[in-house]
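Between the sequences and the hints, there should be enough to build the whole structure, so can you do that?
In order, the protein sequences belong to chains L and Y. Anchor point for the first sequence: position 51 equals 51 in UniProt numbering, and the numbering is continuous, going up by one each time. Anchor point for the second sequence: position 366 equals 366 in UniProt numbering, and the numbering is continuous, going up by one each time.
Hints listed in this document are in silico derivations from the structure and should not be mistaken for laboratory results. The hints are all genuine.
List of simulated lysine to any residue pairs, SDA-like, C-alpha gap at most 20 Å:
(1) LYS366/L x THR95/Y
(2) LYS366/Y x GLN72/L
(3) LYS366/Y x LEU96/L
(4) LYS313/Y x ALA277/Y
(5) LYS366/L x LEU96/Y
(6) LYS366/Y x PRO100/L
(7) LYS366/L x ILE94/Y
(8) LYS366/L x GLN102/Y
(9) LYS313/L x PRO302/L
(10) LYS313/L x HIS283/L
(11) LYS366/L x GLN72/Y
(12) LYS366/Y x ARG2/L
(13) LYS366/L x PRO100/Y
(14) LYS366/Y x PRO66/L
(15) LYS290/Y x VAL355/Y
Fair warning: this is a prediction, and the values are worked out from it, not measured in the lab.
Number of protein chains: 2
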Amino acid sequence: MRPRQPVRTLAAELNEVDSGRTVTLMGHVHRRRELAAVSFLILRDRSGLAQVVLQRTEVPDGGLPPEETTVQVTGVVTANGQAPGGVEITTPTITLLTEPAQTPPVELWRPALNIGLPTLLDHAPVTWRHPTQRAKWELAAASLRGFRRTLDAAGFIEVHTPKLVESATESGANVFPVDYFGRSAYLAQSPQFFKQQLVGIFERVYEVGPVFRAEPHDTVRHLAEYVSLDVELGFVRDHRDVLAVLRDVLVGMVAGIEEYAGPAMERFNVELPSIPAEIPVIHFRDALAKVGAPADEPDLAPEHERVLGAWAKQHLESDILAVEGYPMRKRPFYTHPQPDDPTWSNSFDLLFRGVELVTGGQRLHKYSDYVAAIEARGESPTAYAAYLQTFAHGMPPHGGFAIGLERWTARLVEAANIREVTLFPRDLNRLSP
Amino acid sequence: MRPRQPVRTLAAELNEVDSGRTVTLMGHVHRRRELAAVSFLILRDRSGLAQVVLQRTEVPDGGLPPEETTVQVTGVVTANGQAPGGVEITTPTITLLTEPAQTPPVELWRPALNIGLPTLLDHAPVTWRHPTQRAKWELAAASLRGFRRTLDAAGFIEVHTPKLVESATESGANVFPVDYFGRSAYLAQSPQFFKQQLVGIFERVYEVGPVFRAEPHDTVRHLAEYVSLDVELGFVRDHRDVLAVLRDVLVGMVAGIEEYAGPAMERFNVELPSIPAEIPVIHFRDALAKVGAPADEPDLAPEHERVLGAWAKQHLESDILAVEGYPMRKRPFYTHPQPDDPTWSNSFDLLFRGVELVTGGQRLHKYSDYVAAIEARGESPTAYAAYLQTFAHGMPPHGGFAIGLERWTARLVEAANIREVTLFPRDLNRLSP
Chain L
1 MRPRQPVRTL AAELNEVDSG RTVTLMGHVH RRRELAAVSF LILRDRSGLA QVVLQRTEVP
61 DGGLPPEETT VQVTGVVTAN GQAPGGVEIT TPTITLLTEP AQTPPVELWR PALNIGLPTL
121 LDHAPVTWRH PTQRAKWELA AASLRGFRRT LDAAGFIEVH TPKLVESATE SGANVFPVDY
181 FGRSAYLAQS PQFFKQQLVG IFERVYEVGP VFRAEPHDTV RHLAEYVSLD VELGFVRDHR
241 DVLAVLRDVL VGMVAGIEEY AGPAMERFNV ELPSIPAEIP VIHFRDALAK VGAPADEPDL
301 APEHERVLGA WAKQHLESDI LAVEGYPMRK RPFYTHPQPD DPTWSNSFDL LFRGVELVTG
361 GQRLHKYSDY VAAIEARGES PTAYAAYLQT FAHGMPPHGG FAIGLERWTA RLVEAANIRE
421 VTLFPRDLNR LSP
Chain Y
1 MRPRQPVRTL AAELNEVDSG RTVTLMGHVH RRRELAAVSF LILRDRSGLA QVVLQRTEVP
61 DGGLPPEETT VQVTGVVTAN GQAPGGVEIT TPTITLLTEP AQTPPVELWR PALNIGLPTL
121 LDHAPVTWRH PTQRAKWELA AASLRGFRRT LDAAGFIEVH TPKLVESATE SGANVFPVDY
181 FGRSAYLAQS PQFFKQQLVG IFERVYEVGP VFRAEPHDTV RHLAEYVSLD VELGFVRDHR
241 DVLAVLRDVL VGMVAGIEEY AGPAMERFNV ELPSIPAEIP VIHFRDALAK VGAPADEPDL
301 APEHERVLGA WAKQHLESDI LAVEGYPMRK RPFYTHPQPD DPTWSNSFDL LFRGVELVTG
361 GQRLHKYSDY VAAIEARGES PTAYAAYLQT FAHGMPPHGG FAIGLERWTA RLVEAANIRE
421 VTLFPRDLNR LSP
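Okay, here's the thing in structure tokens:
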């Protein structure tokens with residue numbers, strides 16, 4: 001026979017319930033405190049915390065269930081100015097929904113999780129239960145809602161592209177080999193080739209999905225698998241039209257946080273990014289000069305990015321800054337050159353508070369340009385036959401970008417290490433939990 | 001210098017523009033027809049088709065650009081009852097946005113793509129441009145919007161879990177091995193273990209992402225990589241509470257199609273699924289009896305599912321039917337048994353028009369039950385240490401389900417082969433495009 005299901009009230013809904021009403025809560029025991037006269041059980045559910053008060057005679061034989069045990073609590077809503085939220089539950093009946101829980105590896109009821117990174121990650125299924133830790137992902141999820149909402153409204157369509165690919169042609173390095181029914185395959189480093197093909201079909205596409213990088217470096221900002229927010233669109237003039245979409249997307253992600261993750265935002269005192277009506281742009285050449293780097297440097301070092309970020313904040317009142325024109329020789333073969341000087345490219349990186357968050361740009365769209373670019377690398381266009389179909393049969397001028405979700409969240413909460421905001425990080429040394 | 005960008009009008013917007021106004025369209029040449037007196041260019045953009053009419057003197061030297069070339073067309077909006085949509089473009093100026101396109105491998109301008117499956121798939125970047133083909137994915141994308149909207153409104157949070165996993169513990173078979181920095185890893189067959197861990201954190205989670213099955217069979221309904229719509233929720237009584245959420249999700253997916261993919265729906269004459277207020281349920285034991293199968297059959301054959309689907313349609317006026325109670329010995333170790341008879345399980349399959357679309361059920365939630373279930377398989381709980389943390393430290397009764405996106409779309413458009421609705425299918429023989 002099925003157990004009867006009482007109507008469940010969430011902790012956050014309690015202050016809307018009239019005093020004296022009987023309600024049923026369900027959640028984890030966040031903390032128990034048995035005192036001489038009175039005992040407290042703090043219950044945690046997905047919405048927040050609720051205080052349950054027990055007189056000595058109301059405490060079950062054997063005491064209150066240990067922290068993290070899941071329970072059902074039925075009791076009376078009682079106003080109490082001293083209680084969190086101004087309301088508590090009295091005369092409760094507590095029912096265990098599972099066995100008494102083992103003692104967690106960390107004290108989740110403490111206001112801050114003061115633990116080292118290895119403990120945080122080794123016990124991820126438990127440490128993510130801490131309200132502060134959980135709030136980090138709530139910011140990420142709210143950003144995704146804002147991302148999709150912005151693009152849906154602008155005529156983009158969601159796509160899902162294969163993560164198993166035949167060849168490591170895009171960059172050649174840092175790919176994970178897969179045994180594919182006895183043949184060799186690779187994990188996609190990005191949906192780049194596919195999203196371009198899909199622009200030929202849908203014009204405007206986006207994808208939220210995993211990408212895989214066999215990064216041999218153990219740094220605070222690289223992961224072997226991360227969530228990439230990919231956008232690609234056709235009928236652009238150049239990369240500046242792509243930047244305009246990126247700007248709207250970032251504004252949409254911020255709006256998503258404000259709308260769906262208010263409490264998480266407050267928990268971190270998140271200062272929401274200041275995003276101007278038009279993304280400020282500096283040319284790579286000028287960026288090198290500004291940071292005092294030699295004019296023949298092929299890329300910006302992290303320290304350069306920090307300096308540029310600080311400069312944008314101070315002089316442009318912007319948390320974001322696009323650096324355009326990266327040297328062609330350092331960009332992938334499908335990059336569109338800068339029309340007036342093909343030393344440079346129509347590509348950009350977007351710095352968010354001094355850290356690279358987004359890479360994007362205009363791509364080549366002419367078949368003959370692809371053939372020339374591939375041959376210039378000493379490769380055969382035949383190896384790219386499937387991809388090149390798209391361009392042989394007519395493609396619009398197009399471009400796009402990719403945002404790293406974890407980098408976005410890390411900067412929002414000022415995490416020292418990207419792993420702190422990743423649910424179950426994968427890196428050189430970590431493949432579990 | 002940046003080219004000036006004219007305001008772009010989409011084909012579908014033309015009938016809202018006053019006659020006599022000059023507009024600029026951008027798109028692919030869908031078809032060109034040069035006749036003695038007058039020529040036609042049908043332009044295709046993401047919104048639909050537009051007819052462009054050229055007098056003999058207006059045709060460029062060398063003729064109209066070949067099919068699939070991307071062009072910009074500026075001309076005058078002119079009412080014409082004979083033209084598709086009642087409007088056409090006259091006195092046009094046509095500008096090529098790329099090189100003239102090579103002749104496509106299929107005639108995309110024909111109303112139907114009458115080609116074999118290998119041609120469809122080998123030339124996917126081009127064949128998906130056909131409006132009928134494209135409409136299949138539009139149904140899928142609209143379903144995803146409805147899926148997320150329903151769950152967002154019900155307090156679920158989106159998650160993204162690793163696709164690289166340490167061990168093939170979930171089922172042991174049909175996994176793809178990955179070379180992970182010299183160690184062995186596997187591609188996740190499902191987010192099952194992760195979504196359960198995340199229920200301990202967020203209570204209600206969903207994920208849309210790729211799953212990987214090294215299916216050694218070449219069938220019309222299996223793929224090596226597909227998009228799984230995963231849902232998991234805590235504080236349920238049993239699998240029937242999970243079915244109630246599944247019902248709302250299916251209704252939401254249908255609403256998404258109605259709202260966002262009306263034209264695609266009409267193209268296929270899609271008969272939207274009839275979903276009752278409560279999903280009809282039949283016990284596995286009774287299902288076997290109904291189809292005349294022996295009582296000791298461990299599973300339903302595809303033919304059985306077809307018969308059950310037809311029965312549900314005829315007698316219950318429902319396109320869906322849940323079969324509950326599958327024998328425990330055929331379900332994964334984390335499956336919750338049926339309380340009154342542990343021969344059976346609290347799990348279900350959902351048949352959609354006679355084909356398995358969803359698998360789900362209630363999971364074990366007690367740590368001691370997991371240890372016993374793993375030991376009963378002759379395995380050591382130590383191998384599952386990371387996963388078992390979740391249960392040792394308190395989990396609610398919970399359950400969930402997974403919907404295969406491509407199966408959903410295939411049934412909607414009555415595709416004979418699931419590959420017809422998959423953007424870039426991956427199977428035993430196919431890893432490209």
